[in-house]
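Chain by chain, the residues run as shown.
There are 2 protein chains.
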Amino acid sequence: MAVYTDVSDGELTAFVAQYGIGAVISCKGIAEGVENSNFLIQTERESFILTIYEKRVAREDLPYFLGLMEHLAQTGFPCPLPVRGTDGEALRELCDKPAAIVTFLPGLSVRRIHPHHCAGLGEAMAHMHLAGESFAMHRPNNLSVAGWRPLYDATAARAHEVKPGLAELLGEELDFLEREWPGDLPGGVIHADLFPDNVFFRNDSLSGFIDFYFACNDAFAYEVAICLNAWCFEADGGFNATKARRMLAAYRRVRPFSDRELEMLPLLARGSALRFLLTRLYDLLNHPPGAFAQPKDPLEYESKLRFHQGVARPGAYGLD
Amino acid sequence: MAVYTDVSDGELTAFVAQYGIGAVISCKGIAEGVENSNFLIQTERESFILTIYEKRVAREDLPYFLGLMEHLAQTGFPCPLPVRGTDGEALRELCDKPAAIVTFLPGLSVRRIHPHHCAGLGEAMAHMHLAGESFAMHRPNNLSVAGWRPLYDATAARAHEVKPGLAELLGEELDFLEREWPGDLPGGVIHADLFPDNVFFRNDSLSGFIDFYFACNDAFAYEVAICLNAWCFEADGGFNATKARRMLAAYRRVRPFSDRELEMLPLLARGSALRFLLTRLYDLLNHPPGAFAQPKDPLEYESKLRFHQGVARPGAYGLD
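Keeping their order, the protein sequence lines are chains W and B. Note that the first sequence covers residues 12 to 331 in the working numbering. Note that the second sequence covers residues 12 to 331 in the working numbering.
Be aware that one or more of the hints could be misleading.
Copies of the same chain are indistinguishable here, so a pair counts whether it falls within one copy or spans any two.
[Unchecked claim] Listed next, the in silico BS3-like pairs over lysine-lysine satisfying Cα-Cα at most 30 angstroms (straight line): (1) Lys108 to Lys174; (2) Lys66 to Lys108; (3) Lys307 to Lys66; (4) Lys108 to Lys307; (5) Lys307 to Lys174.
Hints listed in this document are in silico derivations from the structure and should not be mistaken for laboratory results.
Please work from the sequences and hints to get the whole structure.
Here it is, written out as C-alpha cells:
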C-alpha cells in the first residue's frame, strides 16, 4: 500500500485541466502498488487512475510502458489506456515527478485462485504476447539472468539473517542458471509481473491486466514460468498441476508453444523463482523501518525454487 | 493512510449482494483515515464507500454515528448516507468486524485554506448544528474535559521525551480547565473532528462533511473552537484573524451565537488545543514501529495552546 506523494487540490485541479476529461470531483489515494503513488480520480464524466512515478521507476522507461499500454489497448487488449492531454502528451509532471493518467479498468483481483482463473490468465497472456509483436519499442529485461548477479552481490553477505544457508543456495543456483540459461527461445513483449494483484476478473471472466511497469522484451515462455510460480502453488506450498495444465492449455490454444519452450519450462521456473527470491530478499534487507509497504516474504520463493530444482521434465508439472 | 483489513473478492461480492446496489465492478483500498479501513467500491450503478470499523471505534457507538449520518442526510445536509441492506440493516459484519456502506460524497479537501473556505465551513457547521437538534440519540463526548485526565496520566511520565517541560504545561493547563470548564453553553450534536481532511469542496463551494466517527453531544461553541484551531492558523504558527472572522460571521448568519458563547471561546480553544495535544502525544508515544499511519505532531497543538493562553478576550481573535 502506498501513496508517497501528497497532491494538493490546487495542483490536482491544474494538472487535470491539461486533459479534456472534465473537472475532477474526487480523488482518493489508493492503498495498492509498492512502486508508485496511485490515485483514483473521478471527473464529471468517468473514473481514471492518476499515477505519480516514484524513484524506483526509471523516467527513461516510461515512454515504453505508456506506449505499450496504448498499443495493446488499441489492438483491443483489455488494459488501461494512457490518456493524452490536449497537447497530445500522455507523460507529464506533477509535484516535480513524472505522472500520467490512464483509463479505469473495472474488475477485482482474485484471492482464491481456481483452475478456471488460470485458464483465463493463460489465454489473455497469449493474446498479449501476440498483440505485442507489432509494438516497435524495445526494453531489455534488467531483472533477467544478467541482473541477478548484482542482486546476489548486494544480498549474499546478509542472506543468512533471513535463513541459514540461503546464500549458498543462491550462489549455486545463480552459477547454474548463468551457465544454462537459454538464449534461443521465441520472445517479444512480456508483462513480467503477472501476479494475481495485476489481473482483474469480472464474474469469473478475465477483464484485463494492469501495472505494466516491469514490462520488457524477453522469452514468452519465461512469462509462463513466472505465472506458474505466481498462480499454481497453494498456500501450503504444494504445486497444483491442474492449474498449470489449464493455464498452458489455454495459452496454447491462442499461441503455439514449441517443444523447446516446454522443455525449458523447469529451468525458466527456477530462474523466475530466483528472480523474485532475490528482489524480495533485497527489499527485506533494505526495508526502512516505518515504511508503508510491508516487505513480501522471500522464503516463499525459496520453497518454489527448491521445488523446481527437483523437476527434471515438464511432465512433473503435469504438462506435456 | 490505512487499510488494516484485507477483503477478498469473494467476501466482498457476497457482502455487497446483501444490498440492492448492483454487482461490484471494482474495489480500491483508500489511503486515508487512521481509524478505520476504507474502500472505494464501484458497482454497475454508482460509487460507494465501504468502511470496516477497526478496534479504535467502539461497536456500541456505531448506531449513533450511522443514525446521525442518516438523520443529517435526510434533512438535506450534505454528508454520506448509510445504505441499508435489503434486510433494512445499515450495520453488518465483514471479516468478523463491523462494517457499513455509505454513499459517495464528491469533493476534494483543500490544502491551501482561504478565508472563503472558512466562511463555507462556518455556514455548514451551523446548519449541521441546527439539523442535529432533531436527532434523538445521545453520545457524550469522551474526549472532552473529563477524558483528558486519563490521557494526561497515560502520557505525563514520558512527555519530556517529546519536549522538556511539556508535562508541566499539560498538568497546569488541565488543572485550570477542569476548574473553569463551562457547563452551561448551548449544545447538541457536534462533528468534533472538522479538520480540513473531513470537509469537501467543489469549485470553492463546500460539498459536505465526512467521517462522523468522533461525533457526539457537546457545546456548539466547542466545535467552533476546534475549527479555529484546525483552520485559522498558518503553517508558520500565526493566527489568521480574517479566517476566524469569516468563519464566525458565516456561522452566526445561520445560528445565533450568544455573548456568553463568544466570551467562552478563548477557554474552549485552550481546551480544544489540549485535547488534540494529548491525543497526538498519546499516539506518538504509543506508535508501533512500522505502523502505516504516521503520527501527527503534538507540538503543533502546544504552540496553539500557548497562543490561546495569551488571549484574554475574543477581541484578540478579531472577533466581537
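Hints and how they fare:
no.	hint	result
1	Lys108 to Lys174	neither (38 angstroms within a copy, 36 angstroms between copies)
2	Lys66 to Lys108	within (9 angstroms within a copy, 37 angstroms between copies)
3	Lys307 to Lys66	both (19 angstroms within a copy, 25 angstroms between copies)
4	Lys108 to Lys307	both (26 angstroms within a copy, 25 angstroms between copies)
5	Lys307 to Lys174	within (15 angstroms within a copy, 37 angstroms between copies)
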